[in-house]
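Undergrad: Kindly generate the complete structure, drawing on both the sequences and the hints.
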Amino acid sequence: EAQVTQNPRYLITVTGKKLTVTCSQNMNHEYMSWYRQDPGLGLRQIYYSMNVEVTDKGDVPEGYKVSRKEKRNFPLILESPSPNQTSLYFCASSETGINYGYTFGSGTRLTVV
Amino acid sequence: DQQVKQNSPSLSVQEGRISILNCDYTNSMFDYFLWYKKYPAEGPTFLISISSIKDKNEDGRFTVFLNKSAKHLSLHIVPSQPGDSAVYFCAASVLGSSNTGKLIFGQGTTLQVKP
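Line order of the protein sequences matches chains A and B.
Okay, so the first sequence: first residue is 262 according to this note's numbering, each after it adds one.
Okay, so the second sequence: first residue is 36 according to this note's numbering, each after it adds one.
A portion of the hints provided could be inaccurate.
Cut-off 30 Å, straight-line C-alpha distance, at most; resulting in silico cross-link-like pairs (DSSO-like, lysine-lysine) [as the list claims (entries may be wrong)]:
| id | chain 1 | residue 1 | chain 2 | residue 2 |
| --- | --- | --- | --- | --- |
| 1 | A | K330 | B | K137 |
| 2 | A | K326 | B | K40 |
| 3 | A | K279 | B | K137 |
| 4 | B | K137 | A | K326 |
| 5 | A | K332 | B | K72 |
| 6 | B | K72 | A | K326 |
| 7 | B | K137 | A | K318 |
| 8 | A | K318 | B | K40 |
| 9 | B | K106 | A | K318 |
Derived from the structure by calculation, the hints contain no laboratory data.
TA: Next up, the structure:
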C-alpha cells in the first residue's frame, strides 16, 4: 500500500531533550515536507526537500532540523524542544512537485512539557 | 503574514444542499491552488486543484472556482453529504519556481453536513 509513515504517533517529552520524528514513504517520491498544525493557524510548512541532500526552509523552520540522506526517509529533528513546539506534525511526500499534491502521513501529536 | 486566508472557521449545511467554502490569497505570484480535506486523527487528503490559467475545475460533486482579479477561490460541493463533514484547507503554490516544494495552507474551515 502506498503510504507515508510517521513515528511515533504520540510523544510527550520534556523541554530540552532532543527528539527525532521519523518519516518514510514507499512511493519513490522526490519531494518531501514537514508541516505543523496549530488551532487557528492551519498547516504551516517547516521544511521541505526536493531530492536527496536538497532541503529548504518553509515558513516556520526555527527550532527544527531535517536531513534527506536517502530518498524514502525525511526525519524531523528537534535538538532542544520547547513548549511552543507542542503541536500536531505531518510529514508529506509528492511525486514531482506541487501539481500532484502532497500525500500526508497520519500525524504525530507532540507535547513538550 | 497570512498569505492564504480562510476567513470562515466553520460552515454548517443541510444534506443535499450546496456547500461553498471560500479562500482568499494575497500573493499574486501564486499560480496553482489545491483543496485538501481532513478527518480527525488522519492526515489531510488531496481533493482537487486548479491552475491559474483556468477559472474552473470540476471533479464529480466538487468544483473549484478561481477569480484571479479578486485573488479568491471557492470550493463548491453539490450535493453535500454527511460524509463530507471534515476540515477543508485551501493551499497555494508557485509552480515553475525554484521552490516548487513550497505549499502554503490556509487556516481551514470545518464543514458540518447535517442529515
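Undergrad: Evaluate each hint against the coordinates.
TA: How the hints compare with the structure:
For a cut-off of 30 Å, the pair hint linking K330/A to K137/B stands: about 20 Å separates their Cα positions. Distance restraint check for K326/A and K40/B: the Cα-Cα separation of roughly 27 Å lies within the 30 Å cut-off, and the hinted pair is therefore satisfied. Restraint check for K279/A and K137/B: satisfied, since their Cα atoms lie roughly 27 Å apart, inside the 30 Å limit. Distance hint between K137/B and K326/A is fulfilled; the C-alpha atoms sit about 17 Å from each other, no more than 30 Å.
Restraint check: the Cα-Cα separation between K332/A and K72/B comes to about 27 Å, which is no more than 30 Å; the hinted pair holds. With a CA separation close to 28 Å, the supplied pair K72/B and K326/A stays within the 30 Å bound. For the given pair, K137/B sits about 9 Å from K318/A by alpha-carbon distance, which is consistent with the 30 Å threshold. This hinted pair checks out: K318/A and K40/B have alpha carbons roughly 21 Å apart, not beyond 30 Å.
A hinted pair counts as satisfied when its Cα atoms are at most 30 Å apart, and K106/B with K318/A qualifies at roughly 25 Å.
Hint compliance for this structure: no hint is broken.
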